[in-house]
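A.B. asks: Below, each chain spelled out in residue letters.
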Amino acid sequence: MTATAIAVSGLVKTFGPTRALDGLDLTVNTGEVHGFLGPNGAGKTTTLRILLGLLRADAGSVRLLDGDPWRDAVALHRRLAYVPGEVNLWPNLSGGEVIDLLGRLRGGLDPHRRADLLERFQLDPRKKGRTYSKGNRQKVALVAALASDVELLVLDEPTSGLDPLMETVFQECMEEERKAGRTVLLSSHILAEAEKLCDRLTIIREGRAVETGTLADMRHLTRTLVHADLERPAAGLDKLPGVHDLEVNGADGTRVSAQVDTAELGGFLRRLTDFGVRDLVSQPPTLEELFLRHYEAAPEGDGQAAREEARR
Amino acid sequence: MKELTGTGRLFRLALRRDRIVATAWILGLWLFAYSQAAAIIALYPTQADLDQLARTAQGVGANPAVVAIQGPAYDASTYGGATAWQLVTPWVFLIGLMSLFLVTRHTRQEEESGRAELVSAGAVGRYAWLAGGLLFVVAVNAALAAITALTFIAVGLPATGSVALVLACVLNGLVFAGVAAITVQVTQYARPANGMAFAVLGVAFLLRAIGDSAAELSWLSWLSPIGWAERFRPFAGEQWWVLLLPLALLLVLLVAVAALLVRRDQGAGVLPVRPGPATAAPGLRSPLALAWRLQRGTLLGWTIGVAIAGLSFGAIAQDMVQAASEDPETAEMFSRLGGSGSIADIFLAAILSWIGMLAAAYAVQAVLRLRSEESEHRAEPVLSTSVPRIGWAGSHLLIAAAGSASLLVTGGLVAGVAHGLRAGDLGGELPRVLGGALVQLPAVWVVAGIAAALFGLLPRLVVGGAWAALGVVLSISIIGELLRLDQWVLDLSPFTHLPRVPAAEVTATPLAWLVVLAVVLAAAGLAGFRRRDLSSA
Numbered sequence: 050m051t052a053t054a055i056a057v058s059g060l061v062k063t064f065g066p067t068r069a070l071d072g073l074d075l076t077v078n079t080g081e082v083h084g085f086l087g088p089n090g091a092g093k094t095t096t097l098r099i100l101l102g103l104l105r106a107d108a109g110s111v112r113l114l115d116g117d118p119w120r121d122a123v124a125l126h127r128r129l130a131y132v133p134g135e136v137n138l139w140p141n142l143s144g145g146e147v148i149d150l151l152g153r154l155r156g157g158l159d160p161h162r163r164a165d166l167l168e169r170f171q172l173d174p175r176k177k178g179r180t181y182s183k184g185n186r187q188k189v190a191l192v193a194a195l196a197s198d199v200e201l202l203v204l205d206e207p208t209s210g211l212d213p214l215m216e217t218v219f220q221e222c223m224e225e226e227r228k229a230g231r232t233v234l235l236s237s238h239i240l241a242e243a244e245k246l247c248d249r250l251t252i253i254r255e256g257r258a259v260e261t262g263t264l265a266d267m268r269h270l271t272r273t274l275v276h277a278d279l280e281r282p283a284a285g286l287d288k289l290p291g292v293h294d295l296e297v298n299g300a301d302g303t304r305v306s307a308q309v310d311t312a313e314l315g316g317f318l319r320r321l322t323d324f325g326v327r328d329l330v331s332q333p334p335t336l337e338e339l340f341l342r343h344y345e346a347a348p349e350g351d352g353q354a355a356r357e358e359a360r361r
Numbered sequence: 003m004k005e006l007t008g009t010g011r012l013f014r015l016a017l018r019r020d021r022i023v024a025t026a027w028i029l030g031l032w033l034f035a036y037s038q039a040a041a042i043i044a045l046y047p048t049q050a051d052l053d054q055l056a057r058t059a060q061g062v063g064a065n066p067a068v069v070a071i072q073g074p075a076y077d078a079s080t081y082g083g084a085t086a087w088q089l090v091t092p093w094v095f096l097i098g099l100m101s102l103f104l105v106t107r108h109t110r111q112e113e114e115s116g117r118a119e120l121v122s123a124g125a126v127g128r129y130a131w132l133a134g135g136l137l138f139v140v141a142v143n144a145a146l147a148a149i150t151a152l153t154f155i156a157v158g159l160p161a162t163g164s165v166a167l168v169l170a171c172v173l174n175g176l177v178f179a180g181v182a183a184i185t186v187q188v189t190q191y192a193r194p195a196n197g198m199a200f201a202v203l204g205v206a207f208l209l210r211a212i213g214d215s216a217a218e219l220s221w222l223s224w225l226s227p228i229g230w231a232e233r234f235r236p237f238a239g240e241q242w243w244v245l246l247l248p249l250a251l252l253l254v255l256l257v258a259v260a261a262l263l264v265r266r267d268q269g270a271g272v273l274p275v276r277p278g279p280a281t282a283a284p285g286l287r288s289p290l291a292l293a294w295r296l297q298r299g300t301l302l303g304w305t306i307g308v309a310i311a312g313l314s315f316g317a318i319a320q321d322m323v324q325a326a327s328e329d330p331e332t333a334e335m336f337s338r339l340g341g342s343g344s345i346a347d348i349f350l351a352a353i354l355s356w357i358g359m360l361a362a363a364y365a366v367q368a369v370l371r372l373r374s375e376e377s378e379h380r381a382e383p384v385l386s387t388s389v390p391r392i393g394w395a396g397s398h399l400l401i402a403a404a405g406s407a408s409l410l411v412t413g414g415l416v417a418g419v420a421h422g423l424r425a426g427d428l429g430g431e432l433p434r435v436l437g438g439a440l441v442q443l444p445a446v447w448v449v450a451g452i453a454a455a456l457f458g459l460l461p462r463l464v465v466g467g468a469w470a471a472l473g474v475v476l477s478i479s480i481i482g483e484l485l486r487l488d489q490w491v492l493d494l495s496p497f498t499h500l501p502r503v504p505a506a507e508v509t510a511t512p513l514a515w516l517v518v519l520a521v522v523l524a525a526a527g528l529a530g531f532r533r534r535d536l537s538s539a
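Here the protein sequences come in this chain order: A and B.
The C-terminal residue of the first sequence carries number 361 in this note's numbering, and the numbering is unbroken.
The C-terminal residue of the second sequence carries number 539 in this note's numbering, and the numbering is unbroken.
Because the hints were derived from the structure by calculation, they are not lab data.
Any given hint might turn out to be false.
Covered, in the sense of this in silico footprint (three residues per stretch, anywhere, with C-beta under 8 Å from a C-beta of chain A), are these stretches of chain B [stated by the list, open to error]:
1) 83-93
2) 245-253
3) 374-382
A partial selection of chain A residues facing chain B, derived with a Cβ cut-off under 7 Å [what the hints assert, rightly or not]:
4) 103
5) 108
6) 127
7) 155
8) 157
9) 257
It should be emphasised that the depicted structure is a prediction, and the values quoted were computed from it without experimental measurement.
All residues carry an ideal CB built from backbone N, CA and C; glycine is no exception.
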């Protein structure tokens, strides 16, 4: 096993006139939980389908577990499990039958883990496919994937139909996967989820990776929100480097809030202490803000839609 | 009545929702009716031509294979009577099909999707969904009846007969709206509700197919609404009282529905949903096992249908000999069907080719399962396991190929036993009839191969394309010779190339070529599928 589970570079995929992927780069290290983030339509599912050999790349190179996902699909699929974003089951097969079938087609699944996961996800395996809700169909696919003995899990928005309790169960499962040393590629547009679960992230927009690294790496690129309650009215804060959206409130101008570039935070705080700090609250940037930054810079006026997407 | 509150609004909702679907159904069925009348008028310009047609109708009328599909001819010597002969049986079937689909669409499917719950929380009575849906189906049928009757009058058919014909067809078709109103109460899901109502429609068609083609069983036609529409005799001395039958049956069905409806919860069916097994059977571990599991129910349904058809036609083959000896026109017609054997053999060959076409329709349906699995996102989880694409697609093709073979064996066995027992020579007749059924297999496989090739190479067109190809093949085989089409057109159908066993000797060469063609088509489909993207659109 090598250190890189997935290596994608310059990946292009077009559907007719639409360029769904436009030179995408993505690297997933072995043993990490990697978040693959972007709004709907950014190309996440297309990328995953290419990684599974369901679609064929038009250009670029794709390596998955040291194989070619198109040519070596069958051999590679023995070593991975996939949960599609849209899980559709056979109407007349029970959930338990589907779990067993998919597990066996992958090369076997652990019956104890299967029973444990059914219990934790509170899934009734006797119900027929057509009677499951969206969330329960997703649980069927998740149990089938998590109970399989594989090296790599590819999960496409796995929690989009789960309620908050089940999301917690899912997060526990991901923690176990990480400890077990399995590699996970997890696509999501729910940012809080990726923040909690992922070691590293790749953010994709319009078919291109716009950011990749650990959350700490990205915080370095971002701004921290600072609220301060001062003893004396502050002056000259707006002249400091790296300070944005400065607001001075309160009757005498003693309540200050600002967005500060993380690199300039030290200078800003030193200056604040000159005015006597009574109270200080600083918030690390959320992924929502990362998104906002990327979509605010969007050239074709789609920033508004993207911002709304990011807030969801 | 407050239980009907909101019916008017739901009726208008149905109109709004289905303005395109309903228009398409109405236009399609209207076009079908108009083209029959127009074709008769164009093809038989003089009364002498019509009289000739009427004699042909009597001759062809003795051929149960034709009557089974087209219904009996009562008076083909007028334009109206000839149109009724061509139109009534298939048209009532299609109207019934439309009516049952539309009822399910506006009742059970709305409940299944959860949309009905949203609406029923408002000021909507218990019967409003069903009443609104039925009202909508009645309105669609009324519109179809009105424009069709006006069209018939406009092309010069007598007004009374035109109105009578559409009235009889629409009323009897509406019976199946009533049937669907029952089945949507029984099950919780639209698919089985449609399936059950369609099964009733199929039985109605089959009852009259047997009743119309076998004189001693003609009472069977009186058990079928499609038979009632025929026996109403439009343009051939209308029997107005027959219209009371569908009206009475509809009334009974509606009373039954009202009783069923109050015995169930919103979203539930009268029948409880049975849970499935918690674990899969040990055998469910390969793509072939999955394909079999998904397709076995369909195959069972077709097997029952083919067995009934084989039984009923096998049992009457011996009677054809009698009919031909009494009526020179019938004998003449049989000799035109081709082959050199006895009347019974010629008849059997025609029936077996009909069973071959049923098997071809099954094979197309079985192959198209590939496409619905793909487009409804059920192929994706399987193909992301260690199942090769060829293995997955090949499994369904194998089911289609073996399933159609088993249908032919069933039809041949049942028809052979029935005919052998009546002819008093089971050991002699059974192998000949079975052989005549099996000889259809290469042609069936070619039709399945066309569907497979389309699936691999033109997946977006496969559903329409495969059914269209089957339609062309069946049209050529059923009416090609009657219409005296050119030989090159007849040659387009693989069934044209089959030896007419048992009325002729088996010739291996065309069979071998057809098998080669089927294999090439299937291989092209598999190769295309291996190279292309999975697509849902």
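A.B. asks: Please flag the earlier hints that this structure goes against, numbers listed from lowest up.
C.D. replies: The structure breaks hints 1, 2, 5, 8 and 9; every other hint is satisfied.
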